[in-house]
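Make a model of the complete structure from these sequences and hints.
The residues making up each chain are set out below.
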Amino acid sequence: MIKVKINGQEQSWDGDPDLPLLWFLRDEAGLTGTKFGCGKALCGACTVIVDKEAVRSCITSINDVAGREVTTIEGLHPDGDHPVQKAWRQVNVPQCGFCQAGQIMQAAALLMDNPKPSHDQIREAMSGNICRCGCYQRIENAVHLASTGV
Amino acid sequence: MNFIDNPRKLRGFEKNIRVEKVSRRSILKGLGVTGGFVLAAPVMTRQAFAYETGAGKMPHGIVVDPRVFVAVAPDGTVTILAHRSEMGTGVRTSLPLVVAEEMEADWSKVKVQQAHGDEVKFGNQDTDGSRSTRHYLMPMRQIGASARTMLEQAAAKRWGVPATEVKAANHEVVHNASGRKLGFGELAADAAKESVPSIEGLKLKDPKDFRYLGKGQVGIVDLHDITTGKARYGADVRLPGMKYAVIARPPVTGGKLTSFDPDAALKVPGVEKVMQVRGWPWPSKFQPLGGVAVIARNTGAAIKGRDALKLVWDDGANGKYDSVAYRKELEEASRKPGLVVRKEGDADGALKGADKVIVGEYYIPHLAHVSMEPPVAVADVKGDKAEIWAPVQSPGGTREDVAKTLGIPEGNVTVNVTLLGGGFGRKSKCDYALEAALLSKELGAPVKVQWTREDDIHNGFLHTVSVERIEAGLDKDGKVTAWRHRSVAPSIASTFAAGTKHQAPFELGMGLVDMPFEIANISCENPEAAAFTRIGWFRSVSNIPRAFAVQSMVGEIANATGRDQKETLLALIGSPRIVKPNVKDMWNYGEPYDSYPIDTARLRKVVELVAEKGEWGRQVPKGHGLGIAVHRSFVSYIATIVEVAVDEKGKLTVPRVDTAIDCGTYVNPERIASQIEGAAIMGLSLAKYGAVTFKDGKVEQTNFDDFQVVRIDEAPLVTNVHIVPPSPDTPPSGVGEPGVPPFAPALLNAIFAATGKRIRALPIGKQLEA
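In order, the protein sequence lines correspond to chains A and B.
Take the first sequence: its letter number 107 is residue 96 in the working numbering, and every next letter is one higher.
To get the working numbering, take the position in the second sequence, counting from 1, and add 21.
Just to be clear, a hint being listed does not mean it is correct.
[To be verified] Below, computed lysine-lysine pairings styled on DSSO-like, alpha-carbon distance capped at 27 Å: (1) A/LYS29 to B/LYS288; (2) B/LYS787 to A/LYS29; (3) A/LYS75 to B/LYS132; (4) B/LYS251 to A/LYS75; (5) B/LYS236 to A/LYS75; (6) B/LYS251 to A/LYS41; (7) B/LYS643 to B/LYS719; (8) A/LYS(-6) to B/LYS251; (9) A/LYS29 to B/LYS188; (10) B/LYS288 to A/LYS(-8); (11) A/LYS29 to B/LYS778; (12) B/LYS778 to B/LYS643; (13) B/LYS188 to B/LYS202; (14) A/LYS29 to B/LYS716; (15) B/LYS294 to A/LYS29; (16) A/LYS29 to B/LYS643; (17) A/LYS29 to B/LYS709; (18) B/LYS251 to A/LYS(-8).
If you are wondering where the hints come from, they were derived from the structure by calculation, not from laboratory data.
What follows is the structure, encoded as structure tokens:
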């Protein structure tokens, strides 16, 4: 039996320990805010925060996070008002929106680690997250805004 | 010859404008609103429109019926239906916003509800071709104006005053003389009894009184849900007892399963069943390819199970498809005469007599859409009834195809449209929904079919592959006197009909026969090209290769004559005029030519605007270069300037992009800007990396590692968008697609300016490193 804390709640799993965390979150725990985009850690749509680090849940097994604390987009802020989320809305970042949960989680993790990133640091830290609609200019601006106070 | 002038003809094109009598009960049910009023229906005729569009020619035409689109609840909540699919353009917000504007509804009291797939009820729902605003801006205004008028009439009766003395404003009706006011909710029941104003008598708002239209101050309705993970896409649908499936499909288009061994897959924890999926012979429109499905308790187990399958395929006739060899075939075809699709003057003679002939052969390979949300669908089939939840661009078409595939009446199929995690034309083809329907029927349980990224790249409906060969003849003064453009590419029509060798009018009309230059001798030709995989619409479609070729050639002419790119471009466009090409079927994006002609004054204007705002001719540092391109597509006019920097190792960066767009009358300039910013990224992606290639009939790329798209660290540092303010009577035109085509040629012209290297084959790849 694997135990993991997700958004503050204890969850358990007694199935395949190799099951990617992504599919546990989406299909078993019903937390569909975390998205499937590539399955190979190439696009970042599945990004969640494990303890204080952004990880790609598509290549992280449920066993890898046993006993650890996972935060998904649903748990980032109780009212959805994390500075990154607020900045995202202020800048009107999303187009289709599908990659945005992963982008927001990546940005939130970046700001935990580096509260005042430069534009180059933002571009570097966010470069693992693909947006096919091409919202990059606004993503960069929103992360910058979140870091300077929304 | 198998010309299809409108691909949608293939599904019930005969039913044009149709306004159905819909019972009050069914509307209330459809909207999920209890109580309140639903407006009676003014029936729109085409004559009622201030300008004519091609909307009426789409399958099922348009329905302009406030009873269908608007409901007011006693508490004042106004519910407005969004009947087009949201894939990132903002249409789910824009069109309801138009209704609210005319209706004088307060946007904060408006709820937007997504319509299910039902074109008899809602009119055409094909969210493609950059058509939504173009076809629905005026109908939505009329719907809103009808609702407003009826609310005003109800209030006037209640007060016993002439209707001319009352006025709706901000969710209430006011009688100024007496200072009385009634909220929309209070008037709902009475307004429902009011007669419907005639369309001719409808008073539309004066644009100077607009609160929302043209302002760009309203965020998309899904903004909060998207940023909190609550927005529901296709894959986010969960039903009780739902099974999770992935499918192993034939690696070669038209291939068939020879044998399979499910044993190892069945041993994977969580896998419940392995079953064959019915496939259709190629080509068969959007029907499934067939294969083997692995059914599991979650998607992860299904994928692991599929990896363990042992599969033997018969690749069939397309097993020899090879992109290297095919490119040579296309090039050879482009060097010989082909079917003439536009002819003015004598291009052959003029080329022979020219002082100088410049030849450019431009190659662009297949592209994959790779929307961030791979195809996915949920189906629940019970007996002769089917319910689908899917991110589809064509909800009505999906309903028709599910009904046909299952052999049940269309009325028994419900298609619920989720948000689309990107579409780009891929989700105009509903094969994934058909797969889910077939599996659910056989399983007797709800099922979700999830495509992986590899499936998306291997088994999609790719953008065509093409060679565009242009020969421009110049006289001794450098004036272009002859233009021969041969376009060779497998047609989208090949996905519908075997043996298709020529492109259809809707493809020829995307930048080939509608070429706007003022040249005396023009020949546009379409040599034959056969298809060996599924070809489909990709955002901007044939405009991508055409703008790439035509606008690169402009750069080549500028270089050959030693003139400025922009001046060369304007000289080629020539005088301000309405272009009347000698073409049998102009297509013109399905729009009447009177409303939407090729207007070179507008084309010139976007060039001049982008040159001014984008500071054309500015000094740039060493290693930098500026390039310009213009292209009319989806009846909009767009010009782009790209600044590039190429370092000594050949590394390409894009410091600045400027784009000017003239899309006529518009709803939301903020979303226009986001579309154009995104188009620059998509344009840069296809120029730098875009290539799906085949060997032995199989796609060679697999995922985002070998089918790359641009990431944030290589995005332009800034993209500026300049929108031409509409004149009052300019009809709306496309926004979603037109931004893409001019980007690549502007970039390539800039690279030439920076390096002296003329790139004629995309993607750029390592060509700058050589």
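The hints, checked one at a time:
1. Between A/LYS29 and B/LYS288, the direct Cα distance comes to roughly 23 Å. Compliance with the 27 Å bound is thereby established for this hinted pair.
2. A C-alpha spacing of about 25 Å is found between B/LYS787 and A/LYS29, which places the hinted pair at or below 27 Å, so the restraint holds.
3. Note on A/LYS75 and B/LYS132: the hinted pairing holds, with a Cα-Cα distance of about 22 Å set against a maximum of 27 Å.
4. Our distance criterion of 27 Å between C-alpha atoms is met by B/LYS251 and A/LYS75, whose separation comes to about 15 Å.
5. Taking the CA atoms of B/LYS236 and A/LYS75, the gap is near 22 Å; set against the 27 Å cutoff, the hint holds.
6. Under the criterion of a C-alpha separation no larger than 27 Å, the hint pairing B/LYS251 with A/LYS41 is consistent with the structure, at around 23 Å.
7. Among the hinted pairs, B/LYS643 with B/LYS719 is inconsistent with the structure: their alpha-carbon atoms are about 43 Å apart, more than 27 Å.
8. Straight-line distance between C-alpha atoms of A/LYS(-6) and B/LYS251 comes to about 20 Å, which keeps the hinted pair within the 27 Å bound.
9. Proximity of A/LYS29 to B/LYS188 is assessed by CA-CA distance (about 59 Å); at most 27 Å being required, the pair is judged violated.
10. Pair hint B/LYS288 plus A/LYS(-8) holds up; C-alpha atoms about 24 Å apart against a cutoff of 27 Å.
11. Restraint check for A/LYS29 and B/LYS778: the C-alpha separation of about 36 Å exceeds 27 Å, so the hint is violated.
12. Distance restraint check for B/LYS778 and B/LYS643: the Cα-Cα separation of roughly 15 Å lies within the 27 Å cut-off, and the hinted pair is therefore satisfied.
13. Taken as a hint, the B/LYS188 and B/LYS202 pair is honoured in the structure, with Cα atoms around 10 Å apart against an allowance of 27 Å.
14. Under the criterion of a C-alpha separation no larger than 27 Å, the hint pairing A/LYS29 with B/LYS716 is consistent with the structure, at around 23 Å.
15. A hinted pair counts as satisfied when its Cα atoms are at most 27 Å apart, and B/LYS294 with A/LYS29 qualifies at roughly 25 Å.
16. For the given pair, A/LYS29 sits about 40 Å from B/LYS643 by alpha-carbon distance, which is inconsistent with the 27 Å threshold.
17. Between A/LYS29 and B/LYS709, the direct Cα distance comes to roughly 22 Å. Compliance with the 27 Å bound is thereby established for this hinted pair.
18. With a C-alpha separation of about 25 Å, the suggested pairing of B/LYS251 with A/LYS(-8) holds against the 27 Å cut-off.
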